[in-house]
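Residue numbers (our numbering), protein chains in the order written: chain F, 1 to 104; chain S, 1001 to 1248.
Hints in this document: simulated from the structure, not taken from any laboratory.
Heads up, some of the hints might be wrong.
On the chain F side, residues computed to face chain S include the following (Cβ under 8 Å) [claimed, not checked]:
id, residue
1, A14
2, V50
3, S61
4, L64
5, A72
6, G76
Glycine included, each C-beta is placed from N, C-alpha and C at the ideal position.
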Amino acid sequence: MTTWTTVLLACAAAYALKLAGYLVPATWVEGERRSRVIALLPVALLAGLVTVQTVVGDGGSLVLDARAAALAVAVGLLLLRANFLVVVAGAALTAGLLRAVGWG
Amino acid sequence: MSTEPPALSADRRREVRRQALSVGAATGAYGISFGALSVASGLSVWQTQALSLLLFSGGSQFAVVGVLGAGGSGVAAVLTSTLLGVRNGLYALQTSRFLGVTGVRRLAAAQITIDESTAVGVAQPERPAQRIGFWLTGIAVFIGWNVMTLVGALVGNAIGDPRTYGLDAAAAAAFAALLWPRLRSGDAAATAVLAVFVALVTSPLLPPGVPVILAALAAVVVGLRRGGRHEAPPTSRAGELPGADPVP
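Work out the full structure: start from the sequences and follow the hints.
Here it is in structure tokens:
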């Protein structure tokens, strides 16, 4: 699949989901368990993404490098209730500096 | 027998407008981080801009470029992005109740049905304010997010190797910042821990992108358990909107 195909398919699927909410009856997503799973879905995916982006290296091996240190800084900033941009920039700066001094 | 709701006072109208525009400005600014990360992941400026214009949902957009940047397949990128976008469909179920839109307006409303427009809309007590809040917030975020995406993509393109500036590490920080406000209940924390475990165990064994999709099963496992005693009280912290995310 080319990058353009991926981009456009993701866009089409995202729009279809948004539009579906205006077209389908609300009863489709009612029910305690179903709504709990749906509410937890972003949590699971985001936690998975954080993991893969932080400690998974080439070929799927687990590595601790500048990215892990950057995430630690990001979590620290989140605990301090820092703004989204500050968190992202702080992580990038950490990884960039560590690499500049030759680590990770 | 559709009776138009009573008009909104000038004061309330100004208040809703101010809220919508401040949310739009704050959220739109984060588009710069998406633009920079996207080109750092190997997407072109046009592909990056297409995601902000057409997909227009921050978490899903970060997922597409994150999975592709980590070497994942297109299928994995689309699947992860789509699973993250399910919540927009749920928002639409709520917003359709007060928007009363049909035809072209419904098609337009669907595109701007995101965390922020929904949150500002449902937070208003009166029907006209709900509508103004939804539309103004959605349009303000759309414009800000797209303009700043372009700025970020052009800057990211200009600075060369993204690894030098740690931009690859910034993706994890972006996902962590999106995850953070959702970790308020025991169930959410349990889901996150299980998802991390699944991703760690399966990453060495499976192609890139697949572990994240398997991590989604954590939501099913925790969500289908009986009980739900660990739910946090439904009240959110003061000043925060329900379901509000740092990006659209």
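Violated hints, by number in ascending order, as checked against the structure: Checked against the structure, the hints that fail are numbers 4, 5, 6, while the rest are satisfied.
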